Structures are given as structure tokens and as C-alpha cells.
Amino acid sequence: MARATFPDPKPPFYRDTRTIAVLVQLVFLGGVLLTGWFLYNNMTTRLAAANTTTGGALSWNFLSQTAGFGISEGPAFQPEESYGRAYWVGVVNTLRVGLTGVLLATVVGLLAGIARVSNNWLLRQLAGVYVDLFRSTPLLVQLLFWYVGVIAALPNIQDAAELGNLGYLTNRGMYLSWPQLTETGLNWNGWLLGGGIAAVAVAWLQRRRMRRSGRLGSGLLAGIVAGGIVAGAGYVVVAANATLPATTTYELRRGDRGTLFEDRNGNGTLEPAIDRTLAHVPITLYGAQDEVVAQGATEQDGTFRFTDLPAEAVRLTWSTPPPLVLSEPQRQGFNFRGGVSLTPEFVALLLALFVYTGAFIAEIVRAGISAVGKGQWEASRALGLSTGTTLQMIVLPQALRVIIPPLTSQYLNLVKNSSLAIAVGYPDLFNVSRTIVNQTGAEVQGIVLVMATYLTFSLVTSLFMNWYNQRVALVER
Amino acid sequence: MNKRLTMVAISLLIIAVVYSACAAPAPAPAAAPAPAESAATEPAAEQPAAPAEQAGSLIDTVKARGKLICGVNNQIPGFGNVDANGNYSGFDVDFCRAVAAGVLGDASAVEYRYASGNDRFTLVKSGEVDVLFRNTTWTLTRDSAEVGMEFMPVTFYDGQGMMVRKSSGIASIADMDGATICVQSGTTTELNLADVFRAQELEFTPVVFEDNDKTLAAYDEGRCDGFTTDKSGLVSSMTKMADPSEHMILEDTMSKEPLAGAVFQGDPAWADAVRWIVNGLIEAEESGVTSQNINEMLASENPTIKRLLGVEGEMGAKLGLANDFMVQALTQVGNYGEIYDRNLGPDTPFNLPRGVNALWSQGGLLYTPPFR
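Chains as they are written, first to last, in my numbering: chain A, 1 to 477; chain B, 1001 to 1372.
I should point out that these hints are in silico values taken from the structure, not numbers from a laboratory. This one's a predicted model, so the numbers in the text were calculated from it and none came from an experiment. From the three backbone atoms N, C-alpha and C, an ideal C-beta is built for every residue, glycine too. Just to be clear, a hint being listed does not mean it is correct.
[Unchecked claim] Label-pair ranges, simulated between beta-carbon atoms:
| hint | chain 1 | residue 1 | chain 2 | residue 2 | range |
| --- | --- | --- | --- | --- | --- |
| 1 | A | 192 | B | 1243 | 50 to 56 Å |
| 2 | A | 111 | B | 1141 | 49 to 55 Å |
| 3 | A | 311 | B | 1240 | 54 to 60 Å |
| 4 | A | 254 | B | 1243 | 33 to 39 Å |
| 5 | B | 1167 | A | 66 | 32 to 38 Å |
| 6 | A | 307 | B | 1370 | 54 to 60 Å |
| 7 | B | 1240 | A | 29 | 52 to 58 Å |
Using the sequences provided together with the hints, build the complete structure.
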């Protein structure tokens, strides 16, 4: 009876929270879709008006067209190659600076972070100054500081500063002596790979053995020794058997440049598709009177090139190189040749990225260490462990749980920040894409490509870091 | 419950605001709201308000807005430069002013936007600027539908040059094997450089920067053996260097660089209007009409001058402009020769001889189609 007098317990639909929740989301979704459609429609209309031949359809053909511009560093690139390949060079350059930067930032950040909680007053203050200084100034300012303020102030190439036997330092970059695998050294690659496998296997076995007997350690030393033995033995074998192919011949142009190659089809001319060029082979050039006009070695791509020869060379001889040579930078013409060179653009960008990001990582590491309970330190000390061992075996493993998630963000930031390369002219993927877009008019495709590439980098980094995070996470039962 | 409803209301409001905000910046041409011709490639009948620009011509948009948005350089003294007070000046800038005078009757009704080498075509294509006068080389690709520019008559015939240090011992490009060269990105010079060195089988390393100032600074600091851009740009850049006397410009001319203004390709009416204002400036020099004598010239009996100045023939009306459009441009800015002398002539630090940029009647390349 009382029941009959109550109003309908079911409220009308517009007062039902569940209905409203769905409605709100529908409206929101509709808004997002509408905005997206509006933007897309706006773009296609405008493109259609601009491009009467294709009606504004987005074409990707430009990727296979000839680029026509040069790229200063990264994988060898010729202007007659395609835009697609130019973009790829940009991607590799981004990865070069990004991966090196992540590695260095981690090391610097870890050290600075630990220093910030150190008992040593001076160390603590120095780390504090570093973090405050580099975390509080804009990255672009720091980048220009390194590039314009530090590197441009180095000596000119004419009076390059010599770094002992290591190389030269100029405002055109650093030129360093560098060991390089020669033509005969290619056979050593297999041994190196074998050495690596042996190192990992031995390290793993050693670690298992140590764990079983209750000792700490990673077996790293045993692994390195094992790998070294295999690689060393391989070197001796390879060096003893070093020969150049019997069909080795050369192409000499303009009396001072050319290519040394293995003539696989025996027709005497260089055909890049068939013949194989020979890297880092010592050569001697002779002039018309059979006098020596130059001595040197071929480069990685098998070419050689001399400037200001006393006479034109008419023939050359070569000798069998050891598997590994130390390639030294030598002044030739306007620049140095040989060794490895680090350009000012690369160095400035790398410095800016890792010093800046390292400051943030230092704070993350400090937070991680502080998050580990004081009792852990005390307990560890009570067991008689040293501070270093405590940090390494007790505190850092627990701190990692706190450190990894924000660290991932810093890694992502570093890679994305590398697009500031454009400010100093480093040819990263963004910089190269801007030139491509300018020349082809493919604005939309260019942006899509750049966004997709950075997204891929970020997702891969995230996936890896999430996997690692799960590994170091506290195991809960 | 009320909270929910408020939220819905707020969301709707936000969406409405966002839409009206999107629609607002596209100034609807006075009378013509979205005719169907631009919708030809679009399946949807309901055109949003934003592409209204396509509906009418930019000519109406510019008039309704009351000012011209002009894309210029701001780092090349003599061509496009901005001073400490934010005032723009230069050869290219004067063409912006002439167009503003011709279309709006007021040479000062210009809003300048810096157009970087890389961004300039995107700015024109997206409608951010109405016209581009930024030492831009007219090339096939840029003219084509791919990049989508419509080029105006050439205002300056240039060629690419190379600046080197006197102490380097370089006498010509052929001496530059293995050199490092500073060049600006998004330019024809970047491409010509590769072409020229390829053709002579020379090796080079380009160091590519985003704008002219950075490129020049890098060269000045010794990062590069050479600095390359259009010869006029080299002369202009020299005035900004630490010690210009240490440097020289090689004799070699590496390319043809016809510099011209550009507008959006899909707007023929606007292109015609701008094209004939530029033509008119050259025609005026040929006919001897200057900003000084224009009042006497208005009374001239010469039919060419009469048509040029809108005294007879209704030339302006055919372009959608006032009939006295050239009178405005010439009074407020001056003819081609006056623009050249003011910015690059003997009284300026550049002192560039007219050379091929003289009138055809004086052995140069400037030649306009007739005003009739």
C-alpha cells in the first residue's frame, strides 16, 4: 500500500547518471571527430585549390625522386640519391646523437645523483650546482652556448691544436686517430662475433657458478677474458692469412684520385653493382718518370684522393695491410682526411643534450635513492657492508623501481629534443625533412613522416623501458 | 545531477567557441559567401567557413582586411631587412609597399612576416601571407603544382656566387676541392652547389643552416672555407661581417637566379593584380614616370602613360583594382629605377651596378608586356 504511493523509483533518462555519462562521452567524441574532420577538410580544400593537376591528393612519389642536395655527415650520401635515402640519413643521424646522448646522460645523471646524496660536502655542493645550473636554463640557450661560445672559439683549421698523438682539435671539429678494419680484417669479423658469444656464455656460466656457491658478482671479468682470448687468437690467424684478391685493380682519374677494387668480372672497369671496393689498403702513386708522387691509403669506400701532388700520377701499387690499422688524420687540402672526425654540430648537440638531460636524471636518481628506507642503509651497515657495496647491492636495486618510470620520460625527451639540431645545422631527421619539404612542397607528407618516426622511437623506447621496469619491479606474491 | 548538466553545457559551449574561433580569422568576402566552384573536388556540400578565401579572391580579402600581409626576409640589408625599431626596408620590401599602394591606396598598410628559406612556400600555400617578396628564385618545381607557387615578373636577375677568404689562395671554384661550404637550407643555392661541384668532380662538405645570419656567422668564424648564396646576397652580407676586407667574392657565377615575387597558385585574379603592379613599376621607368614628376605626367598626352596612370582605358578595373592604382604605387613608392637606386644604388653601401637589371632599352633584361 505504501509502495503504491511512492513515485516511480526509476528516474527519467536525462537524470540517470549512467545515461548522462554515456551522453557526455558521445558529445565529446563527436566534438573531437568534428574538429578532426573540419581540419582535414580545410586541408584538402586548400590543397585542391593549390594543386590543380592532382586535385590535392597526397602523393608519396617524391621519396624516390633525386634529392640534389648534400648532407654534411652521417652515412655516405650523394646528391644524386633519392629523398627517401636522404631522410634515412637524417634518421640515422638522429639515432646517432640520441643513443649516444641517452647513454652519456645516464652515466652523468647517475654519478651526479649519487654525488648529491654523498657524505662528501664538496662533492654534494658541486653536484648541486651542476643540477641547478643546467636544469634551470633553456636547452636552446645551452646548445648555442656550446656551439657558438665554446666550439667556435677553438683554433682555426690552419693552426689546429694538436692533442698529442690522438688527433687535432679545431673549430671545424675534432679529428681523432681511430683503429679501422682493413680489407683483410673483414675475416676477423667472424672471430669477433665468436668472441662476443664466448664472452656472454662464459659470463653467464661463471655467474651461475658464483650464485650457487653464494658469492656475489656478475662473471663479467671471466667473460671479458674469454672473449679476448677468442678475438686475439682470431687476429693472429687472420693476420697470418692476409691477402688481397688476385683480381685487385684500380681506376685512376685526373692523376690524383681513383678507386681500388676487386674486379670480379675481369673487365677492368669499376662497376659498383658487381665489383667490391677495398677499404684502407696502403697505396703508392707513381708519376710518368716512375718517381713516387704520393703515398697513402684508400678510404672506407675504397677511394683515394690527393691534392697538390708534385706531378700527375700515372700508375699505382698497393700492399697487403694488416687486419687492423690505426688511421691517423692528415691535413690535406682544406681539411683533414683519415681517422674519425666529430663535427662541431654533432659535439655541440650531444653536449647540450646529455648535460641538460643528465641534470634531470640526477634529480631522479637522488629521489630514487632517498625513497629507499633509511633502515636498509642501517641494516646493511649492521651486516658490515661497505658504503659502495650497500649502494650497489642494496639501495640502487630498490631505487630502480622508483627511478625507471620518470627516467623513461627523460629518454623520450632527449630523443625529441634532438630536433633542436636545426639551430646548429646538424642534419638530423627534422632538419633534413625541412629541406625535403621545401623542395618538394610535400608539407603534409613531411610532417606525417617526421611525426611517425618520432612516435616509433618513443614507442620502442617506452616498450623497452616498460619491459625493464617489470624486470626490476618488486616481486609481489 | 546539476553538475553533469553543467558539464554538458560547458562542453557544448567550448565546442561552439572553438568553432567560431576557427571560422573567425577567415574574413568572409563582403558579398560572396562560398560559391560552389571551389567545392568541385569536395563531396561534402556544407563548406565550413574557413576556406572562404578560396571562394572569393585574395584581392577581396586584402581589401576587406585593409592591409596586405607580405612575406619578406629580415636579414639581407638592401633586400629585406629589419632595423632595431622593427621597421622593414629594402628592395623586396618596397615591392610589398607598391602592391599595398596599388591594391589599398596606402603603401604603409603592410604587415610584414619573416619568411624563412624553408617555410616561405608553406606560408603562401596556407594563406599566412598574401604575397612573397623574399629574394626567391623562380624555378620549374616551385612554379609547378607540386610546390604550388605562381611567380610574378622577375624583379632582380641574380646569379649564385661564392665568398672566400683572401688568405685562402682560392681563385676560382676549381680550387675548392675538398672544401667545407656554408649554405642556407631550403634554397636553390643549396642545390646549385651540389650540381656545380658534381659537374667538376669536386668534393665538398656542406654545412647547412636555417637562416642567412647563422650561415654567415659560421663562415665568419672559420667553420667553412666558403660561403655561398646569390651574389647580391653576398654583397649585402659583406656589410655585416667582422672584417669585410679579409674576404672576396669569386668571379664564378654558379647559376641563374631570377628573383621574383610569388603568390598562391590557385588564385588567378590576385596573381594578375600583383603581376601588373610589378609590371607597372617597370613600365613607369621605361616611360619616364617617377614619383617626382607624376603630377605633370598625369596631364601627358602619351597614350601609354595615360593608360598606365589610369587616365584612360580603365586598366585598373580589369584587374579588380582602382583605375589610379599605378598612380598610388608610383607616388608613394616610386618606379623600378627609384626602388633600385634607393636600396641598392650608388648612394647605398652596396653600390650594385644595374647590369642585366637595366631596362631592355638600355641593354638589360627588364621588359614588360604592354599596358593595353
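Can you name, in rising order, the numbers of the hints this structure does not satisfy?
Per hint list: single violation, 3.
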